[in-house]
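Protein chains in written order, with the working numbering: chain A, 13 to 200; chain B, 13 to 200.
Rather than coming from a laboratory, the hints here were simulated on the basis of the structure.
Since the structure is predicted, the reported quantities are computational estimates derived from the model, not experimental observations.
Don't take each hint at face value.
[As the list claims (entries may be wrong)] With a cut-off of at most 25 Å between alpha-carbon atoms, the simulated BS3-like pairs for lysine-lysine come out as follows:
{"no.": "1", "chain 1": "A", "residue 1": "Lys35", "chain 2": "A", "residue 2": "Lys114"}
{"no.": "2", "chain 1": "B", "residue 1": "Lys22", "chain 2": "B", "residue 2": "Lys71"}
{"no.": "3", "chain 1": "A", "residue 1": "Lys148", "chain 2": "A", "residue 2": "Lys73"}
{"no.": "4", "chain 1": "B", "residue 1": "Lys148", "chain 2": "A", "residue 2": "Lys164"}
{"no.": "5", "chain 1": "B", "residue 1": "Lys44", "chain 2": "B", "residue 2": "Lys22"}
{"no.": "6", "chain 1": "A", "residue 1": "Lys110", "chain 2": "A", "residue 2": "Lys190"}
{"no.": "7", "chain 1": "A", "residue 1": "Lys71", "chain 2": "A", "residue 2": "Lys22"}
{"no.": "8", "chain 1": "B", "residue 1": "Lys22", "chain 2": "B", "residue 2": "Lys74"}
{"no.": "9", "chain 1": "B", "residue 1": "Lys148", "chain 2": "B", "residue 2": "Lys114"}
{"no.": "10", "chain 1": "B", "residue 1": "Lys48", "chain 2": "A", "residue 2": "Lys148"}
{"no.": "11", "chain 1": "B", "residue 1": "Lys110", "chain 2": "A", "residue 2": "Lys190"}
{"no.": "12", "chain 1": "A", "residue 1": "Lys22", "chain 2": "A", "residue 2": "Lys35"}
{"no.": "13", "chain 1": "A", "residue 1": "Lys114", "chain 2": "A", "residue 2": "Lys44"}
{"no.": "14", "chain 1": "B", "residue 1": "Lys148", "chain 2": "B", "residue 2": "Lys48"}
{"no.": "15", "chain 1": "A", "residue 1": "Lys44", "chain 2": "B", "residue 2": "Lys71"}
{"no.": "16", "chain 1": "B", "residue 1": "Lys190", "chain 2": "A", "residue 2": "Lys190"}
{"no.": "17", "chain 1": "B", "residue 1": "Lys73", "chain 2": "B", "residue 2": "Lys190"}
{"no.": "18", "chain 1": "B", "residue 1": "Lys164", "chain 2": "A", "residue 2": "Lys164"}
{"no.": "19", "chain 1": "A", "residue 1": "Lys22", "chain 2": "B", "residue 2": "Lys190"}
{"no.": "20", "chain 1": "A", "residue 1": "Lys73", "chain 2": "A", "residue 2": "Lys48"}
{"no.": "21", "chain 1": "B", "residue 1": "Lys164", "chain 2": "B", "residue 2": "Lys48"}
[Said to hold, decoys possible] Computed footprint of chain B on chain A; a stretch qualifies when at least three of its residues, placed anywhere within it, have a C-beta under 8 Å from a C-beta of chain B:
{"no.": "22", "region": "33–40"}
{"no.": "23", "region": "119–129"}
{"no.": "24", "region": "159–170"}
[Unchecked claim] Just a sample of chain A residues kept apart from chain B, beta carbon distances all over 10 Å, derived:
{"no.": "25", "residue": "Ser64"}
{"no.": "26", "residue": "Ile103"}
{"no.": "27", "residue": "Asp144"}
Glycine included, C-beta positions come from ideal geometry on N, C-alpha and C.
Number of protein chains: 2
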Amino acid sequence: MILSTKSTQKISLEEFLQQAETKPAREYIDGKIYQKTMPQGQHSTIQIELASAINQQGKPKKLVYALPELRCTFGGRSIVPDIAVFEWQNIPRDASGKIANKFESHPDWIIEILSPEQSANRVIRKITFCLDRGTKLGWLIDCEDESVSIFKPDRAPEVKDNEDILPALSVLEDWQLKTADLFAWLTI
Amino acid sequence: MILSTKSTQKISLEEFLQQAETKPAREYIDGKIYQKTMPQGQHSTIQIELASAINQQGKPKKLVYALPELRCTFGGRSIVPDIAVFEWQNIPRDASGKIANKFESHPDWIIEILSPEQSANRVIRKITFCLDRGTKLGWLIDCEDESVSIFKPDRAPEVKDNEDILPALSVLEDWQLKTADLFAWLTI
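Using the sequences and the hints, build the whole thing.
This is how it looks when you write it as C-alpha cells:
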C-alpha cells in the first residue's frame, strides 16, 4: 500500500538506501519516495495466510520461499512487495549459505494486495516493472471485488474469481488454490 | 464507475435489457447487475475533454468516433464504458445509414476512468473482457496517480505518465497526446 501523496524530494537510490527503514516501508521509484500505508485487517490477514500457504507448499520440497514486506532493490528502484516469492535457487544467500539480508534481484512472483483508496495504476506499475525485469508472475488481489488479476509477461491480464484456480509458479504445479478459498481466509 | 455492492439477483441478459435505463447506468456481467457510481468532477472532466479531443481528431477524416456512457452489449454482457471509441467502419448504423441506437459489438478502444474507492479488478475485468473479444486498446486512467495503464491483447500492461505519449488506435497515428497534457485538463 502506498500513500497517495508523492514526495517532491528527488534523491539518488544510494541516498535513499542509506536512510533508516520506516514502518510502513517506503519505496523508491524514479527518483521519488512513496510511503506504503499501514496495512488494515483484511490486507494483513491475506498477506500472512497466503505467504504461509505458499511456504507450506514450497518449503518442504525446497521449491519456493515467500517473504512478506521484503525490500527488493533492482533496476534502479527499491520496492517492497506485499509478498515476494523466490524460486529456491534464486533466493539470495550470503557467503555462509544463510539467507541474504539485502535482496538485489527481482522476485519470481510478486503479490500485491490492493487497499481501499489505493491508486490502482501505482500498483500495476510496480507489477509491470517487475515483469519487465524477469518476474514471471504477478497477482493483484482485490478484497472488495473478491478477485485476483493475474499478470504475466507478454499477455493481457486475466481476472480470476469464484471457483477459478489461481495460477501459481510452475514449480508449484501440485498446488491448486481456488479464488474463493483465498477470500475465505477473511471469514474467521 | 461501479458500486461496490454486488446484487445477488440473477437474471438473464434479455430480462436485464428489458428493464428501464437508470442514471447512473447499470451493467450486466455474468448474471449479476452492477450499478455504476455517479461520476465526480475529475471523472466527468476527463471524460468530456478526452472524448471531444478524440472526435476532433477522428471525426473530420472519418477515422474514429468516441461516445461517452454508451451501452455496448456483446459476448453475453452489457457494459457501459466511460468512453467507447469505434473505428469509422465499425460504427453500428441502422438501415437508413444513421447511427444505430443499439450497439451490439465491442468498441475498438475502451477508456475507463478510475474513481476513488472503485474496485480496480472490476475495471480491469471490464477491459480484459473487451480485449478478449476484439477490442484493440484499453486505457485505465488514474487521476490520483496521474497515469494511464495501457492494455493491449497479448501483452502485459504498460503504465504511462509525465511526458509519455499515450498510444492511441493506429488510425489516429497523427495524434500525439502526452500523459501530462491529459491531466492538465483538470487544471482550469
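Cross-check of the supplied hints:
For the hint linking lysine 35 (chain A) to lysine 114 (chain A), the alpha-carbon distance of about 18 Å falls within 25 Å, and the restraint holds. Between lysine 22 (chain B) and lysine 71 (chain B) the alpha-carbon distance is near 40 Å, which puts this suggested pair outside the 25 Å criterion. For the given pair, lysine 148 (chain A) sits about 20 Å from lysine 73 (chain A) by alpha-carbon distance, which is consistent with the 25 Å threshold. A distance of roughly 18 Å separates the Cα atoms of lysine 148 (chain B) and lysine 164 (chain A); the hinted pair therefore holds under the 25 Å criterion.
Between lysine 44 (chain B) and lysine 22 (chain B), the direct Cα distance comes to roughly 6 Å. Compliance with the 25 Å bound is thereby established for this hinted pair. Of the pairs offered as hints, the one joining lysine 110 (chain A) and lysine 190 (chain A) is violated, with about 34 Å between alpha carbons and a cut-off of 25 Å exceeded. The suggested pairing of lysine 71 (chain A) with lysine 22 (chain A) is violated, with an alpha-carbon distance near 40 Å, which exceeds 25 Å. Note on lysine 22 (chain B) and lysine 74 (chain B): the hinted pairing is violated, with a Cα-Cα distance of about 41 Å set against a maximum of 25 Å.
Of the supplied pair hints, the one linking lysine 148 (chain B) and lysine 114 (chain B) holds, its CA atoms being roughly 21 Å apart against a limit of 25 Å. Proposed proximity of lysine 48 (chain B) and lysine 148 (chain A) is contradicted: the alpha carbons are some 34 Å apart, above 25 Å. A threshold of 25 Å between alpha carbons decides the hint, and for lysine 110 (chain B) with lysine 190 (chain A) the separation of about 48 Å lies outside it, so the pair is violated. For the hint pairing lysine 22 (chain A) with lysine 35 (chain A), the CA-to-CA distance comes to about 21 Å; that is within 25 Å, so the pair holds.
For the proposed pair lysine 114 (chain A) and lysine 44 (chain A), the alpha carbon gap of about 21 Å is at most 25 Å, so the pair holds. Taking the CA atoms of lysine 148 (chain B) and lysine 48 (chain B), the gap is about 24 Å. The hint holds against a cut of 25 Å. At roughly 40 Å between alpha-carbon atoms, lysine 44 (chain A) and lysine 71 (chain B) are farther apart than 25 Å, so this suggested pair is violated. Restraint check for lysine 190 (chain B) and lysine 190 (chain A): the C-alpha separation of about 41 Å exceeds 25 Å, so the hint is violated.
A distance of roughly 22 Å separates the Cα atoms of lysine 73 (chain B) and lysine 190 (chain B); the hinted pair therefore holds under the 25 Å criterion. Taken as a hint, the lysine 164 (chain B) and lysine 164 (chain A) pair is honoured in the structure, with Cα atoms around 13 Å apart against an allowance of 25 Å. Of the supplied pair hints, the one linking lysine 22 (chain A) and lysine 190 (chain B) holds, its CA atoms being roughly 22 Å apart against a limit of 25 Å. At roughly 33 Å between alpha-carbon atoms, lysine 73 (chain A) and lysine 48 (chain A) are farther apart than 25 Å, so this suggested pair is violated.
Using a Cα cut-off of 25 Å, the hinted pair lysine 164 (chain B) and lysine 48 (chain B) holds, with the two alpha carbons roughly 24 Å apart. Counting residues of the region 33–40 of chain A whose CB lies closer than 8 Å to any CB of chain B gives 0, so the stated coverage by that chain is violated, three being the minimum. Remark: the region 119–129 of chain A is confirmed as covered by chain B, as 3 of its residues place a Cβ nearer than 8 Å to a Cβ of that chain, reaching the required three. A stretch counts as covered by a chain when three or more of its residues have a beta carbon under 8 Å from one of that chain; for the region 159–170 of chain A and chain B the count is 11, and the coverage holds.
Every beta carbon of chain B lies more than 10 Å from that of serine 64 (chain A), the smallest distance being close to 23 Å; the non-interface claim holds. Distance to chain B confirms isoleucine 103 (chain A) as a non-interface residue, since its nearest Cβ pair spans about 25 Å, more than 10 Å. At roughly 8 Å from the closest C-beta of chain B, the C-beta of aspartate 144 (chain A) falls inside 10 Å, breaking its exclusion from the interface.
Figure legend: structure checked against the earlier numbered hints; hints not met, in rising order: 2, 6, 7, 8, 10, 11, 15, 16, 20, 22, 27.
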